[in-house]
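Enquirer: Below are the chains, spelled out letter by letter.
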Amino acid sequence: MAKVWVILEAQDQKIKKVSYEMIGLAKQLGDVEAVLLGSGVSSLAQEAGEYGVSKVFVADCAELKDYTTAKYTRVLADLIQKKKPEIVLVANTSQGRDFAPRVAQRIGAGQISDVMDYQEGQFIRPVYSGKAFFKVSPCACPAIVTVRPNVFPAAEKCGGSCLVEEVAASFSADDLKAIVKEVVKQVSSRPELTEANIIVSGGRGMKGPENFAILEEMADVLGAAVGASRAAVDSGWRHHSFQVGQTGKTVSPSLYIACGISGAIQHLAGMGSSKVIVAINKDPEANIFKVADYGIVGDLFEVVPMLTAEFKKLLS
Amino acid sequence: MKIAVLIKQTFDTEAKIVVKEGKVDPSGVNVIINPYDEFAIEEALRIKEKVGGEVVVFSAGSDKVTESLRKALAMGADRAVRVELDGVAVDEGVVAEALAKAVGEGNFDLVLTGWLAIDDRSAQVGVRVAEILNLSQINMVTQLELADGKLTGSREIEGGMEVVEVPLPALITAQRGLNEPRYPSMKGIMQAKKKELKVVNASDLNISAQPKVEVKDVFLPKAKEAGKIYKDDMADAVSALVKALREEAKVI
Ligand SMILES: Cc1cc2nc3c(=O)[nH]c(=O)nc-3n(C[C@H](O)[C@H](O)[C@H](O)COP(=O)(O)OP(=O)(O)OC[C@H]3O[C@@H](n4cnc5c(N)ncnc54)[C@H](O)[C@@H]3O)c2cc1C
Ligand SMILES: Nc1ncnc2c1ncn2[C@@H]1O[C@H](COP(=O)(O)O)[C@@H](O)[C@H]1O
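Top to bottom, those sequences are chains L and F. If you count by this note's numbering, then the first sequence holds residues 1227 to 1542, one letter each, in order. If you count by this note's numbering, then the second sequence holds residues 13 to 264, one letter each, in order.
Bear in mind the hints are in silico, worked out from the structure with no lab data behind them. Yeah, the Cβ is synthetic: ideal placement off N, Cα and C, and Gly gets one too. Certain hints may be false.
[Said to hold, decoys possible] Residues from chain L that keep clear of chain F, each with C-beta distances beyond 10 Å, as calculated:
#1 Met1227
#2 Lys1291
#3 Glu1408
#4 Glu1442
[As the list claims (entries may be wrong)] Straight-line distance between alpha carbons at most 27 Å, and here's what the computed DSSO-like set of lysine-lysine pairs gives:
#5 F/Lys207 <-> L/Lys1516
#6 L/Lys1411 <-> L/Lys1242
#7 L/Lys1361 <-> F/Lys35
#8 L/Lys1501 <-> F/Lys234
#9 L/Lys1242 <-> L/Lys1501
#10 L/Lys1516 <-> F/Lys113
#11 L/Lys1242 <-> F/Lys262
#12 L/Lys1501 <-> F/Lys262
#13 F/Lys240 <-> L/Lys1538
#14 F/Lys228 <-> L/Lys1508
When you get a sec, could you build the whole thing from the sequences and use the hints?
Expert: Below, the structure written as structure tokens:
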């Protein structure tokens, strides 16, 4: 069986959900081993064993406290070259997509980016803003595959334990040239857009920044994130980090509620892979209704508060 | 400051995708400079306007990409290089090596690229070029400052922002938010016609990489079934929707 590696991603001393999703995919591909990098993360390694990983390589040192491209690339490229896995799965997150191509280039590997499905030996990934899909296979080993968060079902806990192998990391002066000056966390009670299970999004139809309060209220009832169309961002109503679409975030929540968004092709590019799409729009001809699983033709200022009240009744 | 910018020509964002004989059919499609690469061009021009120097744009592709290189020249780039890859089997690694070799000779202090091309959506070529040329990188940058031979870039991370400092020479990949790209002026368009546009053939670059991944097939998404659309009585619509989300879609 193929040796498949999952590069685990952890944050605040917790293994992120996408890591378990990658383990789930990896089990379809072969024997699963994992790699964990960081500072003070050793204790997390055993957790992966409970999900069917046979071995975890851990590089735990002070230098790996801050993520930088060069340090991660050094450790991962060295380790892959030494242990020779056939497929390496990396989360398609701000970190993963930063180091994966660099590692691939250093070890002379191919990379298949932003994979959303795996069928009959081929990886499926969206191209042309999700208007088409490529079926891709590696023609050399190892191959790096970056995996879109929120699309593969997470591996189930199956008990058991795993071997843990400590990996010594050593860095050259070049590896330490980049310095992380600052990490600014938005303090928010809401989940991050690309990780959210439910997203409530607003567009030009929201008419002004103050009206996003009604979306935030709905989001808080649902435990959702709040997104925006480019029109809302360009109007200065929301920060561009909340933009969904071709030039914004790509999201795949299980539920996407689009309010006052017309459904331009560039918006669909970012949310078309959502499992269930709900549209609220007063224009019955709006393009968003073509991709919506459910929709309400009506005034969002009337509908949204009613929906929030209904959700509240159901969920409290 | 010598700045290289890598630009890819892509389909217009509105383009309808047609698959013919297992390939995406480019006929009749309008083309543009990849939107993220326009941010890269703009940033290069702003840096040059501040500290002086030269901006050189590179694109790998057929004669058709000349049009996009001319646009970059009209925006204000000084000269352009087209890398002709005719007959070469490519993947991201091969394209990156070709571009890196073309750029490599120029002793650039800074290389700017887009973070992702909206056609193949690989998000690899810029970073691979950084690795080949042994440059520090800051990826998906939304704000960039240059001082004392160092670059400070902000990049979005999940739930926040990271500020990274790297020494020059370096490679930066541009994300939306970095700037608003300018339109070419009439004067710029006239001047662009006289600027140097060199063609380099892949065969002269001694490319050693082979494709490591293979696209086996292209397919279009299945047309979605018509959804359930509620109208008229809003109170009924709302309760029907919530019921459907819970009992049918099972998402809440
Ligand atoms: C290169 C490029 C990249 C782009 N990238 C993105 C991107 O990443 N993300 C993105 O979103 N867009 C992107 N766009 C822009 C895109 O083309 C659209 O312009 C944009 O998505 C429109 O936003 P909108 O739907 O909010 O606004 P509109 O298209 O103006 O739609 C507003 C909608 O609100 C409805 N409405 C108004 N009032 C109400 C009400 N009271 N109740 C209910 N409904 C109401 C209207 O019927 C209408 O359908 C890009 C464009 C280009 C050219
Ligand atoms: N053929 C090309 N010519 C010039 N630059 C390219 C080419 N392909 C990719 N790039 C650069 O690499 C970035 C990422 O592309 P990709 O890896 O294809 O998503 C783009 O935004 C461009 O800046």
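Enquirer: The structure should be examined with respect to each hint, and the outcome stated for every one.
Expert: Verification of the hints:
Annotated as non-interface, L/Met1227 keeps its C-beta farther than 10 Å from every C-beta of chain F; the closest such distance is 21 Å. Taking the minimum C-beta to C-beta distance to chain F, about 13 Å, the non-interface status of L/Lys1291 holds against the 10 Å cut. Listed as outside the interface, L/Glu1408 is inconsistent with that label: its C-beta sits roughly 4 Å from the nearest C-beta of chain F, within the 10 Å cut-off. Distance check on L/Glu1442: its Cβ is at least 16 Å (rounded) from any Cβ of chain F, clearing the 10 Å threshold; non-interface status holds.
With a CA separation close to 47 Å, the supplied pair F/Lys207 and L/Lys1516 exceeds the 27 Å bound. With a C-alpha separation of about 17 Å, the suggested pairing of L/Lys1411 with L/Lys1242 holds against the 27 Å cut-off. The straight-line distance between the Cα atoms of L/Lys1361 and F/Lys35 is roughly 12 Å, inside the 27 Å bound, and the hint therefore holds. Of the supplied pair hints, the one linking L/Lys1501 and F/Lys234 holds, its CA atoms being roughly 14 Å apart against a limit of 27 Å.
Between L/Lys1242 and L/Lys1501 the CA atoms are separated by roughly 21 Å; this keeps the pair inside 27 Å, and the hint holds. Proposed proximity of L/Lys1516 and F/Lys113 is contradicted: the alpha carbons are some 46 Å apart, above 27 Å. Only pairs whose Cα atoms come within 27 Å are accepted, and L/Lys1242 paired with F/Lys262 is accepted, the gap being roughly 24 Å. Distance hint between L/Lys1501 and F/Lys262 is fulfilled; the C-alpha atoms sit about 11 Å from each other, no more than 27 Å.
Between F/Lys240 and L/Lys1538 the alpha-carbon distance is near 23 Å, which keeps this suggested pair within the 27 Å criterion. In summary, the hint linking F/Lys228 to L/Lys1508 is not supported, as the alpha carbons are separated by about 43 Å, beyond the 27 Å threshold.
Checked against the numbered hints above, the structure breaks hints 3, 5, 10, 14 and satisfies the rest.
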